[in-house]
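K.L.:
Residues per chain, in single letters:
2 protein chains.
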Amino acid sequence: MTPQEEAQARARRAAQAARTLAYLDTGTKNRALLAMAEALLARQGEILAANTQDLAAAREAQYSQAFIDRLLLNDKRMAEMAQALREVAALPDPVGTVIGGTRRPNGLQLLKVRVPLGVIGMIYESRPNVTVDAAGLCLKAGNAVVLRGGKEANRSNIALATVIAQAATASGVPQGAIELIESTDRAAVMELMRLTQYVDCLIPRGGAGLIKSVLEHAQVPVIETGVGNCHVYVDESADLEMATEIVFNAKCQRPGICNALETLLVHQAVADRFLPLVAARLEAAGVELRGDERTCELLPQAKAATEEDWATEYLALILAVAVVDDLDAAVEHIARWGTKHSEAIVTSDYAQAQRFAARVDAAAVYVNASTRFTDGGQFGMGGEIGISTQKLHARGPMGLEELTSYKYVVYGEGQVRT
Amino acid sequence: MTPQEEAQARARRAAQAARTLAYLDTGTKNRALLAMAEALLARQGEILAANTQDLAAAREAQYSQAFIDRLLLNDKRMAEMAQALREVAALPDPVGTVIGGTRRPNGLQLLKVRVPLGVIGMIYESRPNVTVDAAGLCLKAGNAVVLRGGKEANRSNIALATVIAQAATASGVPQGAIELIESTDRAAVMELMRLTQYVDCLIPRGGAGLIKSVLEHAQVPVIETGVGNCHVYVDESADLEMATEIVFNAKCQRPGICNALETLLVHQAVADRFLPLVAARLEAAGVELRGDERTCELLPQAKAATEEDWATEYLALILAVAVVDDLDAAVEHIARWGTKHSEAIVTSDYAQAQRFAARVDAAAVYVNASTRFTDGGQFGMGGEIGISTQKLHARGPMGLEELTSYKYVVYGEGQVRT
Numbered sequence: 002m003t004p005q006e007e008a009q010a011r012a013r014r015a016a017q018a019a020r021t022l023a024y025l026d027t028g029t030k031n032r033a034l035l036a037m038a039e040a041l042l043a044r045q046g047e048i049l050a051a052n053t054q055d056l057a058a059a060r061e062a063q064y065s066q067a068f069i070d071r072l073l074l075n076d077k078r079m080a081e082m083a084q085a086l087r088e089v090a091a092l093p094d095p096v097g098t099v100i101g102g103t104r105r106p107n108g109l110q111l112l113k114v115r116v117p118l119g120v121i122g123m124i125y126e127s128r129p130n131v132t133v134d135a136a137g138l139c140l141k142a143g144n145a146v147v148l149r150g151g152k153e154a155n156r157s158n159i160a161l162a163t164v165i166a167q168a169a170t171a172s173g174v175p176q177g178a179i180e181l182i183e184s185t186d187r188a189a190v191m192e193l194m195r196l197t198q199y200v201d202c203l204i205p206r207g208g209a210g211l212i213k214s215v216l217e218h219a220q221v222p223v224i225e226t227g228v229g230n231c232h233v234y235v236d237e238s239a240d241l242e243m244a245t246e247i248v249f250n251a252k253c254q255r256p257g258i259c260n261a262l263e264t265l266l267v268h269q270a271v272a273d274r275f276l277p278l279v280a281a282r283l284e285a286a287g288v289e290l291r292g293d294e295r296t297c298e299l300l301p302q303a304k305a306a307t308e309e310d311w312a313t314e315y316l317a318l319i320l321a322v323a324v325v326d327d328l329d330a331a332v333e334h335i336a337r338w339g340t341k342h343s344e345a346i347v348t349s350d351y352a353q354a355q356r357f358a359a360r361v362d363a364a365a366v367y368v369n370a371s372t373r374f375t376d377g378g379q380f381g382m383g384g385e386i387g388i389s390t391q392k393l394h395a396r397g398p399m400g401l402e403e404l405t406s407y408k409y410v411v412y413g414e415g416q417v418r419t
Numbered sequence: 002m003t004p005q006e007e008a009q010a011r012a013r014r015a016a017q018a019a020r021t022l023a024y025l026d027t028g029t030k031n032r033a034l035l036a037m038a039e040a041l042l043a044r045q046g047e048i049l050a051a052n053t054q055d056l057a058a059a060r061e062a063q064y065s066q067a068f069i070d071r072l073l074l075n076d077k078r079m080a081e082m083a084q085a086l087r088e089v090a091a092l093p094d095p096v097g098t099v100i101g102g103t104r105r106p107n108g109l110q111l112l113k114v115r116v117p118l119g120v121i122g123m124i125y126e127s128r129p130n131v132t133v134d135a136a137g138l139c140l141k142a143g144n145a146v147v148l149r150g151g152k153e154a155n156r157s158n159i160a161l162a163t164v165i166a167q168a169a170t171a172s173g174v175p176q177g178a179i180e181l182i183e184s185t186d187r188a189a190v191m192e193l194m195r196l197t198q199y200v201d202c203l204i205p206r207g208g209a210g211l212i213k214s215v216l217e218h219a220q221v222p223v224i225e226t227g228v229g230n231c232h233v234y235v236d237e238s239a240d241l242e243m244a245t246e247i248v249f250n251a252k253c254q255r256p257g258i259c260n261a262l263e264t265l266l267v268h269q270a271v272a273d274r275f276l277p278l279v280a281a282r283l284e285a286a287g288v289e290l291r292g293d294e295r296t297c298e299l300l301p302q303a304k305a306a307t308e309e310d311w312a313t314e315y316l317a318l319i320l321a322v323a324v325v326d327d328l329d330a331a332v333e334h335i336a337r338w339g340t341k342h343s344e345a346i347v348t349s350d351y352a353q354a355q356r357f358a359a360r361v362d363a364a365a366v367y368v369n370a371s372t373r374f375t376d377g378g379q380f381g382m383g384g385e386i387g388i389s390t391q392k393l394h395a396r397g398p399m400g401l402e403e404l405t406s407y408k409y410v411v412y413g414e415g416q417v418r419t
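Residue numbers (our numbering), protein chains in the order written: chain A, 2 to 419; chain B, 2 to 419.
Isolated chain A, as found in the complex (with noise of 0.2 angstroms):
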C-alpha cells in the first residue's frame, strides 16, 4: 500500500464510520469515552514502550530538550489524557440541538438542527496527547476523525490510537470512528488534505510552517488555528496597577502559549508614569523589552525595536513597548500587525472600552483582564481542539460546539413551490 492509498483507505474508512455516527446516541458515545480512558491506563506499558523507543530516536537525531519534552509520555501524562477523556463524557452532547426553526406562511416547519460535521482531519506535531484528545472531542461531536501526528511520535501515536479506537470500538462506535495514518511519508498527508470526497474539514495544530504548508495544499476546507501577536493597550485613564497585573500576567504566565502578550502600547499620557512600574516587574521575570523611541527614551535599558519585533509572535519572555499618541493609534497598531487572535485594553473611561471594543477586530477583545483567558476550558467549552485565527465557521476557542454543522429538516403535508 503506498502513502496515498493508506491516508485513501483510511478517510473512506472514517466516512463510512461518520455515517452511523451522525446519529449515535449519546449514552454510547459517552460509554465509550470512558471505556477509552480505561484502556489507556490499562494498557499504559505497551503504550510507554513505544514512547521509550520515540524518545531515543530523538535523543539519537539531537532534539531540543523542550521537544524531547514534548514527547515525553509517564504515568501523569496518561492519567492527565484519562481524565481528558472523562471531562468529556461528562460534557453535554451538541448533536440534534435544535439551534433555529420556524413555521412558514406555507405551513412549512423548519428546525436547524446541529449534526456533525462529519470526517475531520487532524494534522498536528510532537505532542501526543492530541491524539488522545482530538479523538475524544470528535467522537463526542460524531464526527470521525482521521489523525496525522509528527513523525518523531508516530510510534507513541499508533500506540495510542490502537488502544482507544479498539476500546471504542468494543463500546459499540462504529470502526473507522478513529484512524490514524501511519505512514510518515509527506504524500500520505498531501492525499489526505486533498480528499474532498471523504473529508470535510481539516484542523492543522502546531507551529506556523506547519499551518502555512496546510492552507497551501489543502483543498479540503481548513480552520486555520494558531498564530497570535497579541497586544495590551494602556489607556490614559487606565488603574495603573491592574494595568501592571495584567501585563505581567499576560507576558509571564505562560509566554509559550498563543494567547500571551507580545506587544504593549501605552498611551503618551501615562507612559512616563507606567513604564517604569511595569519595567521593574518584568525585569524582575527576566523579561527582555524592545522599545521604540518614546520608549527607550523612558526605559533607557530597552533595545530599540525594529519594523519585525511589531510582526513577531516571541512566545518567549521578550517583548516589545511602543507609546501611541492615543487610543485610535492602538488600534490602528493592532490592525497592522495584529493577527485577530486576541487583545485587550486597561482602562476605567467607558466610552474608551466601548470603543477599542468595537474598533478592534480579534476573536477576543478584553476590556480589563489578561489575554490569557483565550481558552476553551476558561470560555466555558469544556475542551478545546484548537484556536481558530479565522473569522470562517468558528473564530477563538473551538470546543464541542464548533465541531459540529447543522442541517434543515423540513416537515411538511405535500407543499409544493408555486
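Treat the hints as calculated values from the structure; they're not laboratory data. All figures in this text were calculated on a predicted structure; none of them were measured in a lab. Heads up, none of these hints are tricks.
With a cut-off of at most 35 angstroms between alpha-carbon atoms, the simulated DSBU-like pairs for lysine-lysine come out as follows:
1) A:Lys113 x B:Lys113
2) A:Lys152 x A:Lys77
3) A:Lys213 x B:Lys152
4) A:Lys113 x B:Lys213
5) B:Lys213 x A:Lys152
6) B:Lys213 x A:Lys213
7) A:Lys213 x A:Lys77
Put chain B on the given structure of chain A with help from the hints.
P.N.:
Only chain B this time, still in chain A's reference frame:
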C-alpha cells in the same frame, strides 16, 4: 498596472473599508442601499448601453440564446435589482447581535457578538444581477466585497458597480466597500484567491467548472456552493397522489435550478402502482425517464439508466428513476450519489419519516414537501448569496447571518489567569 496589481489594490482598499464598515450604523447602511436602488434607475441609460455592447459581443461570439438571455438587462431586470436592494434595506441588521454570553466563575463577562466576516471575494459567471445582489447583501452585513464576474458581462458589471459604489460612497459608506476587478485576465482572479492578508472568504457562484477551479486554486477560505443532485424517495406508505405532485413540482417547476429533482427512488412495494401514475404526469410535461432494471420492466418507455445517470445533475427535463428494496436502500443510494443538497421522503409512516430525517446527510431534508424550497427567500432569510453545499461555516441557503462571523467581547475588573 498588471492584473495581479489590480487585484491586490482592490482587495487592499476593500480591507481598509472593511475596518470602518464593521461598525457602521444600520441607518447609514440602509440609506446607502436605498440610494443604490435609486441610482440604478436614475442611471439606467449608461448601464443598458454597456449591456448592449456585451450583448453584441456575445452574439458575435455565437453564444447560445440561453447564455445571452442570462446576460441581458432591460427595464424589468433593472427594476428587479433595485427592488432587491430595497428589500435588503428592510431586513434586520445582523451585526452586533449578541448570540451568546455567560458570566464565568471568576467574574469575567463573556459576550459572543455577531461581526461582519470582513472582505468577501465573489467570483461568478454571466448574470450581471449578481453584481448588485452580492454587493447589497455584503454591505448590509457590514462586509466589503471584491467582485469578479464573467468576462462576457464585464462592461455591464463595470457600469453597475460604478453606479452603486458611487451611490454608496455618497451616502457615507467608506470607499472600497464595493470593488470590482475590471481586468478579465485569469491572473487577476488567481491573485484574488491567494490574498489571505486581505480577503476573509471566497464565494464562487456558477457552474461546476468554476467551483472546482476555485477550490483547487484558493488559499483564501472558500464556501462551496451549488451542485445539487437531489432525490425524492417515495416510501411504501406514501400518499401516492401527494408523491406525484411533489415529484412533478421538484422536477418540472424550474429544472435548471440546483434544488430541482434529479433522481426518483421508489419503494418496491408501490412501484407498480406509483410509477405509471407519475410517469404519465411527467411525460406530459416532456420529461425523459431513465430507469434501472425494475423501473424499465414497469415503464417500458423508459431508457435504461447507467451509473452515470445516478451521478448526474441534469438541470434539464430528464429524470433518473430507481426502484429500491426499502428506506435503508434509498438512504444508501443517496449517501453514495447525492451531493448533500436537498433530499425528500414522501411517507405517511412516522417512524420512516424520522429515520430518513436522521440518517440522510444534506443541507435540507424534507418530509412530504418539494426539494424546490431550498432557497433563502423560501426559508425566510430575505435574500441569499448562494446555497452552501459544504458543512463548514454555513450550510444550505446563505443570507445575511451567514455573511457574518462573531467575536468574543470580554469585560473584566482586572482578572488575571492563575
